[in-house]
Every structure is written in structure tokens, then in C-alpha cells.
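If you read the protein sequences in the order shown, they are chains A and B. The numbering of the first sequence is my numbering, which starts it at 1 and goes up by one. The numbering of the second sequence is my numbering, which starts it at 1 and goes up by one.
Among the clues, some could well be false.
[What the hints assert, rightly or not] Each computed PhoX-like pair below joins lysine-lysine, with the alpha-carbon atoms no more than 20 Å apart:
{"#": "1", "chain 1": "B", "residue 1": "Lys182", "chain 2": "A", "residue 2": "Lys11"}
{"#": "2", "chain 1": "B", "residue 1": "Lys117", "chain 2": "B", "residue 2": "Lys182"}
{"#": "3", "chain 1": "B", "residue 1": "Lys55", "chain 2": "B", "residue 2": "Lys13"}
{"#": "4", "chain 1": "B", "residue 1": "Lys160", "chain 2": "A", "residue 2": "Lys11"}
{"#": "5", "chain 1": "B", "residue 1": "Lys55", "chain 2": "B", "residue 2": "Lys14"}
{"#": "6", "chain 1": "B", "residue 1": "Lys144", "chain 2": "B", "residue 2": "Lys182"}
{"#": "7", "chain 1": "A", "residue 1": "Lys40", "chain 2": "B", "residue 2": "Lys146"}
{"#": "8", "chain 1": "B", "residue 1": "Lys182", "chain 2": "B", "residue 2": "Lys160"}
{"#": "9", "chain 1": "B", "residue 1": "Lys117", "chain 2": "A", "residue 2": "Lys40"}
{"#": "10", "chain 1": "B", "residue 1": "Lys122", "chain 2": "B", "residue 2": "Lys144"}
{"#": "11", "chain 1": "B", "residue 1": "Lys182", "chain 2": "B", "residue 2": "Lys122"}
{"#": "12", "chain 1": "B", "residue 1": "Lys122", "chain 2": "A", "residue 2": "Lys35"}
{"#": "13", "chain 1": "A", "residue 1": "Lys40", "chain 2": "B", "residue 2": "Lys13"}
{"#": "14", "chain 1": "A", "residue 1": "Lys35", "chain 2": "B", "residue 2": "Lys144"}
{"#": "15", "chain 1": "B", "residue 1": "Lys61", "chain 2": "B", "residue 2": "Lys14"}
{"#": "16", "chain 1": "A", "residue 1": "Lys5", "chain 2": "B", "residue 2": "Lys14"}
{"#": "17", "chain 1": "A", "residue 1": "Lys5", "chain 2": "B", "residue 2": "Lys129"}
{"#": "18", "chain 1": "B", "residue 1": "Lys160", "chain 2": "A", "residue 2": "Lys40"}
{"#": "19", "chain 1": "B", "residue 1": "Lys160", "chain 2": "B", "residue 2": "Lys183"}
{"#": "20", "chain 1": "B", "residue 1": "Lys61", "chain 2": "A", "residue 2": "Lys11"}
{"#": "21", "chain 1": "B", "residue 1": "Lys129", "chain 2": "B", "residue 2": "Lys160"}
{"#": "22", "chain 1": "B", "residue 1": "Lys183", "chain 2": "B", "residue 2": "Lys122"}
The set of hints was computed from the structure by calculation and includes no laboratory data.
One-letter residues, chain by chain:
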Amino acid sequence: MGINKVDQYVKGMFADEAIQPPKGAENALFERMDKIRSRKRRARIFGSVALVCFAYWGSATLFENPEVAFSNSEQVEANPADLSALDADELANEMPVIANEEPMESNQSEAIPSVEAPSDSRLAAPAMTNAQPAEVQQGDRKGALEPIDVLPASPASHAMSDKALREAEEERWVMPAVVKVKD
Amino acid sequence: MDSEEVELIERCKKGHADAQRRLYSRYSPLLFAVALRYSNTRHDAEDIAQDAWVKVFRYLKSFSENNSFEGWLRRIVVNTAITHYRRQKKHTYHVDIDEVYATPKDLEAFKETDYNKEEIEKAINALPKGYATVFKMYVIEGFKHKEIAETLGIDVNTSKSQLSRARRALQGTLINMARIAKKSDGNQ
Numbered sequence: 001m002g003i004n005k006v007d008q009y010v011k012g013m014f015a016d017e018a019i020q021p022p023k024g025a026e027n028a029l030f031e032r033m034d035k036i037r038s039r040k041r042r043a044r045i046f047g048s049v050a051l052v053c054f055a056y057w058g059s060a061t062l063f064e065n066p067e068v069a070f071s072n073s074e075q076v077e078a079n080p081a082d083l084s085a086l087d088a089d090e091l092a093n094e095m096p097v098i099a100n101e102e103p104m105e106s107n108q109s110e111a112i113p114s115v116e117a118p119s120d121s122r123l124a125a126p127a128m129t130n131a132q133p134a135e136v137q138q139g140d141r142k143g144a145l146e147p148i149d150v151l152p153a154s155p156a157s158h159a160m161s162d163k164a165l166r167e168a169e170e171e172r173w174v175m176p177a178v179v180k181v182k183d
Numbered sequence: 001m002d003s004e005e006v007e008l009i010e011r012c013k014k015g016h017a018d019a020q021r022r023l024y025s026r027y028s029p030l031l032f033a034v035a036l037r038y039s040n041t042r043h044d045a046e047d048i049a050q051d052a053w054v055k056v057f058r059y060l061k062s063f064s065e066n067n068s069f070e071g072w073l074r075r076i077v078v079n080t081a082i083t084h085y086r087r088q089k090k091h092t093y094h095v096d097i098d099e100v101y102a103t104p105k106d107l108e109a110f111k112e113t114d115y116n117k118e119e120i121e122k123a124i125n126a127l128p129k130g131y132a133t134v135f136k137m138y139v140i141e142g143f144k145h146k147e148i149a150e151t152l153g154i155d156v157n158t159s160k161s162q163l164s165r166a167r168r169a170l171q172g173t174l175i176n177m178a179r180i181a182k183k184s185d186g187n188q
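Working from the sequences, and respecting the hints, build out all of it.
This is the structure we're talking about:
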């Protein structure tokens, strides 16, 4: 008798073998399946609740303590509304300090001395100090598009009088200035 | 597969409990028989069959209707049984014991009609566990050597050599059984 015949003979004996499982086996299986299903459902519910809680906590932390988000950054973006509310004198007192600091930060020290704040108009200082680095950067980035949010730095604005500027401020938006604070 | 079976499997895939019960009642005798073949005790077979059914319902979505459902079930049961015993470390698949090999003369004298199912079952179970497993997987369940090797974590050539040895050992065992039976008949 050849190998294949033995194989066929044995296979023929067992291939269609069927033995009835014990009576309780079916119920035991489906009870186990139900337990698995309910455990999965509970895990899914717990997971989604945990996700919602985490999302809520995350958003609450972000909106209630916005300074956390900026704690590592020294850059403070001034609010236009705050800027307009500032007293002109206060601005004038503070701005020269910033004007001296800024060029040191940027490596454009040659360009800075040539620009001076107009003596007749102290309020023009914010516009100048904000505009100067932008001008310098523009010089470096030839061909780059001019940013829309940069304050006008034309000579006409330098020559603006206090009165004219105040009038203009009432009508115009003062765009946000980026101020770097150094220790 | 007939259309009724395909529909039943589709309903099971969607999680219908009544369909799952119908599938169970249709295939549980086959599945339990396979589980018994690969287990040491009936109690083990019950555990293996239940674990296998849980796997069947869990992985039914991955089953494609182009394949044989019965073959897929057999594979799941055999894998479950092997995992079950591997976890318990009750037996190994590389056993070397003194075996009774059939001689060519014995093989010539070997006739299938001489043995009934119980005797063959007894002879298979008398084989070293590794040989018996490879033999049953290849001959009865229809696994390929590659599948056997992957399932048991052995080399394909090991699977082939174990099958060859299992065949010879099985024939030797059956012939010995026949001799013993003849002797006992002669004494009476």
C-alpha cells in the first residue's frame, strides 16, 4: 500500500468526523460572548468620556490661562486696542528704549543710526520704530511682497503733527506692533 | 459554499445573535471533533472548542467567501489547540523516543482493510506528540507543510521529515497491533 493510499484511507476515516459537544457548551459560549461584548462597550464608553474630559480640560486651560501658551516666548504682540488707549506721552517715553534695543537684536546696526525719531512729533515714534526694522528687512528681502500689516513708514507720516495723528488715529486702525522685551 | 451559508455568515458578520447560534449549531460537531483530535482530554477539548468559537466570531469579518469555511474553521481550532498546549507547556513537538518503524516487508503486507477507525486513532495517538500533530495536520486537516511549519514554529524540512517518520511509525504501530491481536487469537 503506497503512502498516498494510506493518507487517503486515514483522511477518509476522519475527514467528516463530527462529535456533538456537551449540552451546556452553547450557553456557556454565548454567555462568554455577551460578557466580552459588554466589556468592550464599557471600555468604549469610558474611552469616549475620558476623551471628552481631556478635550474640555485642555480647552479650559488654554482659554483661561492664555499666558501659559506664551510663557516660553519673549515676544509679546500688542493689541491694537491697547495701543490706541495708551497715552501718547507714555508711548513716547517708552519707545526710545525700544528703538535702541531693537537694532541691537537685529544685525542691522548700520541702518539704525541713520533713522531718528522726528523731534516735532513724538507720537510718530511708534510708527518709526515699527517701520524701521521692516524697512531694513525689506532691503534684505528684495523682491519679497510688502506685508500688509506694517504701519506706513512714508516720510509724510514722519512729518505728521500731533493733532493730525490724533485725528488719523481716531479714524484709522493701528496695526499690532511686535515688541521684543529684553532683560 | 451555498448561498444560504454565505447569507448566514454575512448575518453573523453583522453581529446577529440568532445567526451566530445557527452557525454554531451547524458547525459545532465538526469543530468539537477537531478539538478532541488535538487535545489530551475531553475537558481540554471543550475549552479549546469554546476558545476557537470566540475567535471564529471575532475574526469572521476577515473571512472571505471565496475560501472554504470548513477549512478556515479547522485551521482556527488547530491553532487554538496548539496555542493552548504551548501555553501549558504540556508537550513538545520535537520528541525523540524509541519508535517502531515498519520494514519494507511490513509495508507490503500493510492493508487498509485490516484496521478500523478506532485502531488507527489509537495508533495515531500512540505516536510521539510532534509526529502525531504533523501527521494529523497534513493528512486529516489538509494543511500544507509551509502552514504546518508556521503554526508549529518549525522549519518546513522538519515538518516534512516528521511527516515521513510519522507515516513509518504509524504503519509499524499498526502492524505490531495486528501481530499482538493475532497472537492473542492464537492463544485462545
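A quick look at each hint next to the structure:
| no. | hint | in the structure |
| --- | --- | --- |
| 1 | Lys182(B) to Lys11(A) | violated, 26 Å |
| 2 | Lys117(B) to Lys182(B) | holds, 18 Å |
| 3 | Lys55(B) to Lys13(B) | holds, 13 Å |
| 4 | Lys160(B) to Lys11(A) | holds, 18 Å |
| 5 | Lys55(B) to Lys14(B) | holds, 15 Å |
| 6 | Lys144(B) to Lys182(B) | violated, 37 Å |
| 7 | Lys40(A) to Lys146(B) | violated, 35 Å |
| 8 | Lys182(B) to Lys160(B) | violated, 33 Å |
| 9 | Lys117(B) to Lys40(A) | violated, 45 Å |
| 10 | Lys122(B) to Lys144(B) | violated, 24 Å |
| 11 | Lys182(B) to Lys122(B) | holds, 17 Å |
| 12 | Lys122(B) to Lys35(A) | violated, 39 Å |
| 13 | Lys40(A) to Lys13(B) | holds, 17 Å |
| 14 | Lys35(A) to Lys144(B) | violated, 36 Å |
| 15 | Lys61(B) to Lys14(B) | holds, 9 Å |
| 16 | Lys5(A) to Lys14(B) | violated, 43 Å |
| 17 | Lys5(A) to Lys129(B) | violated, 23 Å |
| 18 | Lys160(B) to Lys40(A) | violated, 43 Å |
| 19 | Lys160(B) to Lys183(B) | violated, 35 Å |
| 20 | Lys61(B) to Lys11(A) | violated, 30 Å |
| 21 | Lys129(B) to Lys160(B) | holds, 15 Å |
| 22 | Lys183(B) to Lys122(B) | holds, 19 Å |
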